[in-house]
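K.L.:
If you want the building blocks of each chain, they are given just below.
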Amino acid sequence: MQNELNIMERIAEAAKSITTGVDATDIEHWVTIYIMGKGYQVPADLTILTAIEFAGYRFIRGCGCRQGFCGACTTIYRKKGEYRLQTAMACQSRVEDGMYLVQIPFVPAEKASYDVGKENFAASVFLKYYPEIAKCVSCNTCTKACPQDLQVMDYIQAAIRGDFEAVAEASFDCIQCGLCAMRCPAEIVQYHIAQLGRRMYGRYGSPIPEHLKKRLAEIEEGKFSKELDVITSASRKELEKLYAERVREAN
Amino acid sequence: MAEIKYFEGYPEYMRELISVVNNTREKRENYTPPAMSKEEREEVLKLHPDYAPGGKREIGVGQNKGELAPDPIADLLEAYPLIEEGEIDLSKVDYNPEILIIGGGLAGTTAAIWANDSGIDAEKILLVNKLRHGDANSIMAEGGTQAADRANDSLEKHFIDTIGGGHYANKPDVVRALVEDAPLLMQWLLELGAIFDREENGDFLEKWGGGTSIKRLHSCRDYTGLEEFRVIKDEFISRGIPSIEYYPAIELLTDGDNRVTGALLWNLETEEYKIVQAKATILATGGFGRLHIRGFPTTNHYGATCDGVVLAYRAGAKLRDVDTVQYHPTGAAYPIQIVGYLLTEKLRGSGAQPVNKDGEAFVFPLEPRDVEASAFSRECYVRDKGITTPSGLRGVWLDTPLIDIINGKGYIDKAFPGMKRMFDRFDIDMRKDPVLVFPTLHYQNGGVETDPWGKTNLEGLWVAGEVSGGVHGKNRLMGNSTLDTLVFGRRAAISTAEYVKSKESAGKLTLEHVKGYVNLLKEAGLKPERRAPILLPEYRGKAALARMIDVF
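Same order as they appear, the protein sequences are chains A and B. So in the working numbering, spot 103 of the first sequence is number 103, and the numbers just go up one at a time. So in the working numbering, spot 545 of the second sequence is number 545, and the numbers just go up one at a time.
Chain B with its partners taken away, still in its complex shape:
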């Protein structure tokens, strides 16, 4: 095969296809395809990985036995533990905080600060991280945070947008907490010193998010999650709250009677275990993108391996809505080095149009994510109007040059430095040329069922952020994930602080629940083929793996 020649980042044949986009831009500039009707949405959703046949099965054991989950989730829920009861000594406690927080993304770090603000001394809190403090999807949230704080917006509108986007599967009381607290958390971020995009008069500069009826998205350029997180982490460190890194929790500990009393940690580097005894535990371990459900690439960080759901389920927690997965419509499809990387929805919120091979704007750009993603798949695989990359991926164009045409020259430089920097690294100028996109696995919609205060069905266990289930129903709206972490990180902290003050002592530490769960697995005839939590995905090259010898 001859070497492919590249011109400004694209091979020659893709350049020719780009000229179709360039030649039709003026015609499309003032045209937006109409939003889909309910019926049209239902039709296109048949192509969504959640609704297309295959890829799921009934969970074999536990609280949600008989309910559907994607195969990789069911695999983990039906896996055997890394350690079994009796294999380790639980009598020597290494850490005994009042509140244990597992997972240091936005939710966990927010919870630590609010626990401190709720009267718990810094040294009575412990934050444990699987990787570095901040290795989380939180910092990769590009687009923004929703909060209904403009005069013509209302909490009710935010509620309706959220619950309609979630296909009415959301828990209404939890959604209410989300929308009611949102303005308060925006104020909190400003007081901590977070820098948001502003209008000239000092008002928040608010943008469109998919599936919303009004501009409600608060951004920090396209580094929103990063800005929110680094400010909160800076405050966390300033307060001297203890935190340990590279210590994943590999099991929760219980008193043997449905109360969570601590956790078993494992040093990722020395492989030594540690025991934590705590009056209350907040689980904030994030999602499951690295399971690559249905073979999709993902926007998620390296450690997004569903650990928290596995641990809580084994301890007896109830799950909900784990049958649905969010695929972000605009993952990068080209070049191959960045396939699956997130291209923020704010691009479409600022005027970038999805365009097919023939230069047609084929879909309303801001449908809820599941609808938009399915429309891209239909364009590529049913209507055959996608663009195929040299590596065989298909995608549609996202016409980014429209952004500067609509908002004025220089807008991309100012509002999307992260996106621009990424494409620049591969010689693509997104101000001049469109970029190629295809859906990518983005978010765990469901998880451990929560109430409006982050409480689970287990005493002593709270959840916050992506690991939880209930607030987003079966499809999360843009800007509601960072909001979720802030609102429920805070609420879980307030609720746990109240709880630990009422508790004289921590409960006893056992792995009885693990013993019971193993018995259930055996009774269900499930063989010990897999173990979980998996902690990290397996990305080592297959040729190298095939020749590995396990010596140490």
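Next comes chain A alone, as it looks inside the complex:
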């Protein structure tokens, strides 16, 4: 017992975070970052997100899943001595010396309302809801801005052609941070267009699997009702037996 308790304590000790758990005197490597212009010394091992917290900021906006899936911590930065503006997800990027950082708290972009069940599976759907798509000048600024490294301009061109599969494929990993739309000189809302394209493709591009239809019909007919009645009122002992007797499907 004592041994297990001891192990729990050792795990907790090893997992202490640099921001809230480690003393500054124990940190070896430091860098200087500029949060909206103000300089701060922060440990070099942090992400942009945790470095901003280390400096004393409490996030309300600009922080969501903290693991690269939600697009809340969109960050624009320029490094000292460089002309280039770069983009990053603050939770997914190592902090670097001389970063000038600003986060985007909100993207003012309009999403169209539609019912995918009633739309035509044709290129015209994009023009109907997002006519500005025709203004794309193929400058590729959207692609350069994408922190997921998606080929944004390519999928916009695919949408113009009505190639739904290509839109879905190229935009699938989009986390909807909105940076593409913020940087686009033609004021296109790329990530909303991609969403419409994916839903249209999902709805019309691949039919409902036959095995799913069949299962739904079986449930409707009550094929499983009796066995579920039995199992729902089974004793623990009976359930344990059924669990132990399971046969694992071959790989």
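Label-pair ranges, simulated between beta-carbon atoms:
(1) 409(B) <-> 185(A): 35 to 43 angstroms
(2) 250(A) <-> 51(B): 27 to 35 angstroms
(3) 27(A) <-> 524(B): 40 to 48 angstroms
(4) 406(B) <-> 233(A): 35 to 43 angstroms
(5) 525(B) <-> 223(A): 51 to 59 angstroms
(6) 13(A) <-> 29(B): 32 to 40 angstroms
(7) 29(B) <-> 230(A): 40 to 48 angstroms
(8) 36(A) <-> 524(B): 40 to 48 angstroms
(9) 520(B) <-> 141(A): 54 to 62 angstroms
(10) 516(B) <-> 250(A): 52 to 60 angstroms
These are calculated hints, taken from the structure and not from any lab test. These numbers were taken from a predicted model, which means no experiment stands behind them. Positions of the beta carbon are idealized from the N, C-alpha and C atoms, including for glycine.
With chain A's structure known, arrange chain B on it following the hints.
P.N.:
Using the frame of chain A, we list chain B on its own:
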């Protein structure tokens, strides 16, 4: 200390250890360690944070008084409210929807759409979010959703896998609802336009999940929760259902007689409060990962701070199974910037093997999560066969290159773009090198007790998703969390829609229950040291905090 030299993302000494993994891969390729017996499972579970000594105490007040809960949960349940009765004016109502939904992840957003489909006008529904609509664990669900829809699968098999994995503590009637509705919700997602991985013939491409007896996992690459959520949110916005962001609920309102009648909201930015009066309330606030129970890092999103459980408990709701916490076996352990981040179970479902320092496959890769996680801890801290990182963490290897060997070259690029992208950002190529993993706090197994329709013991209050307790027992299976949000988001909506149609008017608004709860706290001798809900975790640097002056 000399600077550490890095080669393709790893320091030199870890590179040497990786060569052991590389050299043993061929030998392990066709070998899988056998699954554990019941006795072996019981033995290794002694090392699970739920069963290891310490870390828990009895809840001091309320419906579940005397039952065990992890210390940080008990702390919140025994905390004082942010406001007390008499401190605010409840007479001026700001919003009066028929149905109030608190929490805009998969469960809450699904509920809003199904309430609308059940005959409630869009403008009679209100969705409130603590942060942005969609700031939820839902979008981070990587692996997939379970539904027994293949010909050789059955609802019964899904039931048995779920209840056995939950240590038979699950409520059977709620599990039945979960497995019986699963195929229907898959169809719903397809009709909304969600894109799932398919076989060449159009069938769902289904993968293994830990603790299941059959391949039943439906995925969208490794962005399953994101794909499901963004489709559902797109539909929600298209329907014009009202939603407000950065407005956490900081208390439920009741009629003083066990009926929930609305909620008190608080603008996170202006700090102004708002009053909602509703005939019915659906609580879908998610879990508690950000409480870092037993000091573990977490996979959870920023706002996972147990708010819903605290609010409902104060109003008199019953909890269950809050004594257990799910630790996901494969949290990232290296590099330090991503410690605790989720590496989907689908990696193991696709052939990645857990391997120790000596290059041995030491555990069946797809045990239920609590068993698998405990086996990793044993390897690192009892058998001393873990790998220690430069920051002092221990972990075991997850041999990801096996995935491409088993499934064909290019498989990782296609099936795991999210995982690959994350490691690429830190110069690690998971196609060539293994990655280091250790358990991370992942899921609140229990919560506010629900029936098969999401109903709680309080009139006017429903729950759906991670905040609820009963469906997963004491350990949730992979792929059952997104399924839970969809099934019970829908069911709670249908049930509330029926209820509000039968109710002439909303109930009166009081904080009587809060007054009563404060009295209980005082009677129990609990001092006002803490206040809850906490809304956000405290991550500000300790040096900066130590010098803060509170001026405004």
